[in-house]
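Colleague: What follows is each chain in one-letter form.
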Amino acid sequence: MGYEERHTNPAGGKRPRPAWQLILLDLALTGLVLCVFALFHHVLPSVQRRLNGPMTPIATVTPLAPPVETAAAEASPEVTPDPNDWRAKFAGRFTEETVVTENSYTSPNLSVEISTHVVTMDNGQPTTYYVADIYLADISGFRTCFSNPRYHESGESLAQQYGAILAINGDYATNQSYGLLVRNGQIYMEEQTENDICVLYYDGSMETYGPEEYRAEEILSRDVYQSWKFGPELLESDGSPKTEFNTTYAIVSRNPRTGLGYYEPGHYCFVVLDGRQEGYSYGMPMEGFAKIFSDLGCAAAYNMDGGDSAVMVFNGAEYNRPSHGGRNLGDMLYIAEPDTPFEGEGE
Amino acid sequence: MRALKNLLPHLAIAMLLGLLVIAILDEYNPLMNFLTSGVSKIYIFLTVALGVAVAALYIARCRRD
Numbered sequence: 001m002g003y004e005e006r007h008t009n010p011a012g013g014k015r016p017r018p019a020w021q022l023i024l025l026d027l028a029l030t031g032l033v034l035c036v037f038a039l040f041h042h043v044l045p046s047v048q049r050r051l052n053g054p055m056t057p058i059a060t061v062t063p064l065a066p067p068v069e070t071a072a073a074e075a076s077p078e079v080t081p082d083p084n085d086w087r088a089k090f091a092g093r094f095t096e097e098t099v100v101t102e103n104s105y106t107s108p109n110l111s112v113e114i115s116t117h118v119v120t121m122d123n124g125q126p127t128t129y130y131v132a133d134i135y136l137a138d139i140s141g142f143r144t145c146f147s148n149p150r151y152h153e154s155g156e157s158l159a160q161q162y163g164a165i166l167a168i169n170g171d172y173a174t175n176q177s178y179g180l181l182v183r184n185g186q187i188y189m190e191e192q193t194e195n196d197i198c199v200l201y202y203d204g205s206m207e208t209y210g211p212e213e214y215r216a217e218e219i220l221s222r223d224v225y226q227s228w229k230f231g232p233e234l235l236e237s238d239g240s241p242k243t244e245f246n247t248t249y250a251i252v253s254r255n256p257r258t259g260l261g262y263y264e265p266g267h268y269c270f271v272v273l274d275g276r277q278e279g280y281s282y283g284m285p286m287e288g289f290a291k292i293f294s295d296l297g298c299a300a301a302y303n304m305d306g307g308d309s310a311v312m313v314f315n316g317a318e319y320n321r322p323s324h325g326g327r328n329l330g331d332m333l334y335i336a337e338p339d340t341p342f343e344g345e346g347e
Numbered sequence: 001m002r003a004l005k006n007l008l009p010h011l012a013i014a015m016l017l018g019l020l021v022i023a024i025l026d027e028y029n030p031l032m033n034f035l036t037s038g039v040s041k042i043y044i045f046l047t048v049a050l051g052v053a054v055a056a057l058y059i060a061r062c063r064r065d
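From first to last, the protein sequence lines stand for chains A and B. Residues in the first sequence are numbered consecutively from 1, following this note's numbering. Residues in the second sequence are numbered consecutively from 1, following this note's numbering.
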């Protein structure tokens with residue numbers, strides 16, 4: 001007995017369903033299956049996160065005290081500048097009073113200067129990106145924050161809430177259940193990952209790790225201050241731009257982008273590149289983005305979440321033009337005066 | 001029982017098409033863990049189990065016929 005015959009009744013009075021009906025039925029069933037999958041994969045975990053409240057750290061990194069000067073060094077008649085004293089090292093960048101212009105901010109503790117760049121792509125379309133050059137007197141000026149777990153917030157709203165002078169979108173860490181997640185010295189997660197990892201240490205150095213180099217225990221044995229897990233890393237160890245990236249084609253292809261660059265301890269840059277807006281900014285593939293950091297002279301650079309998330313906020317207002325008006329964010333990187341309360345402080 | 005046996009192949013088609021959609025989504029946005037989350041692993045397991053059940057039923061039917 002064939003399959004079609006089984007759809008007829010024994011009396012033979014009922015014809016089998018036409019094929020188009022069966023196809024429609026199967027497609028409707030596929031939609032139902034995907035809805036059930038989305039419910040368990042997306043909606044219920046999100047509700048659970050809301051019920052759990054803000055992200056809670058599992059441990060705190062306590063930075064070691066700086067090394068004590070030796071007697072020999074004290075006895076030396078020559079005064080050698082301390083490379084860990086960023087205030088002295090970058091003294092020329094800071095000002096005694098706080099000075100704010102439409103594209104810069106300087107104070108006794110930090111210096112931020114934003115420059116705008118326009119390049120012409122192969123197809124003749126312009127692409128616009130913003131480079132924020134950052135000097136810090138203290139690592140505590142470099143911070144991160146999470147969005148409210150009940151409702152994600154816009155970049156402007158988050159930056160204003162935390163007193164950020166300069167802020168960029170982060171890596172959407174709240175949406176990922178893998179990798180190393182350390183924010184402001186608090187450890188939230190230490191899981192395996194196939195993604196590239198970026199780590200900023202309390203001593204101001206920043207390093208990127210491929211999956212084959214990633215050892216959470218080894219990394220956490222040093223004083224980790226911040227970590228990100230979106231990626232990929234953009235530069236080779238000699239500072240040249242990478243041409244192959246540990247991510248998918250969809251992420252490597254032309255997009256709006258956000259990235260973090262590192263020159264030396266205390267000196268960093270945020271780069272936000274607009275895209276998907278013909279006539280203003282077309283967007284750039286990952287290879288071109290990596291070259292920007294290499295041309296800037298960075299020693300290490302790391303790609304954050306991009307697309308509609310790519311945003312730079314300066315003095316409480318959007319500085320770039322996010323595609324499709326931007327989107328609400330899960331987390332941000334920001335620069336603030338050291339006396340500004342950290343996330344959760346003073347609440 | 002007959003209704004269930006008739007439904008199983010359609011459910012298998014739906015779940016396999018769903019798996020195809022999820023695999024394509026994962027290719028575009030791997031950071032959403034479409035193929036690697038706990039829910040996805042259960043989904044893949046159920047799809048495979050269903051595929052085996054449908055195949056076994058088909059073989060049994062062929063042998064009977």
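To be clear, the hints were calculated from the coordinates, so they are not data collected in a lab. For each residue, glycine too, the CB sits at the ideal point set by N, CA and C. Hints are supplied without guarantee of correctness; some may be wrong.
Unchecked claim - Quick list of simulated restraints, FRET-style, between CB atoms:
| no. | chain 1 | residue 1 | chain 2 | residue 2 | range |
| --- | --- | --- | --- | --- | --- |
| 1 | A | ASN246 | B | PHE45 | 20 to 30 Å |
| 2 | B | THR36 | A | ASP82 | 19 to 29 Å |
| 3 | A | ASN103 | B | GLU27 | 36 to 46 Å |
| 4 | A | GLU156 | B | GLY51 | 25 to 35 Å |
| 5 | B | HIS10 | A | PRO341 | 16 to 26 Å |
| 6 | A | PRO285 | B | PHE45 | 53 to 63 Å |
| 7 | A | PRO57 | B | MET1 | 26 to 36 Å |
| 8 | B | TYR58 | A | GLY124 | 36 to 46 Å |
| 9 | B | GLY51 | A | PRO63 | 19 to 29 Å |
| 10 | B | HIS10 | A | ALA38 | 18 to 28 Å |
What the hints assert, rightly or not - What the simulated footprint calls covered on chain B by chain A, stretch by stretch (three residues with Cβ under 8 Å from a Cβ of chain A suffice, anywhere in the stretch; the number is not a length):
| no. | stretch |
| --- | --- |
| 11 | 5-16 |
| 12 | 30-38 |
| 13 | 48-54 |
Colleague: Enumerate the violated hints, using their earlier numbering and listing them in ascending order.
Modeller: 2, 4, 5, 6, 7, 8, 9 and 13
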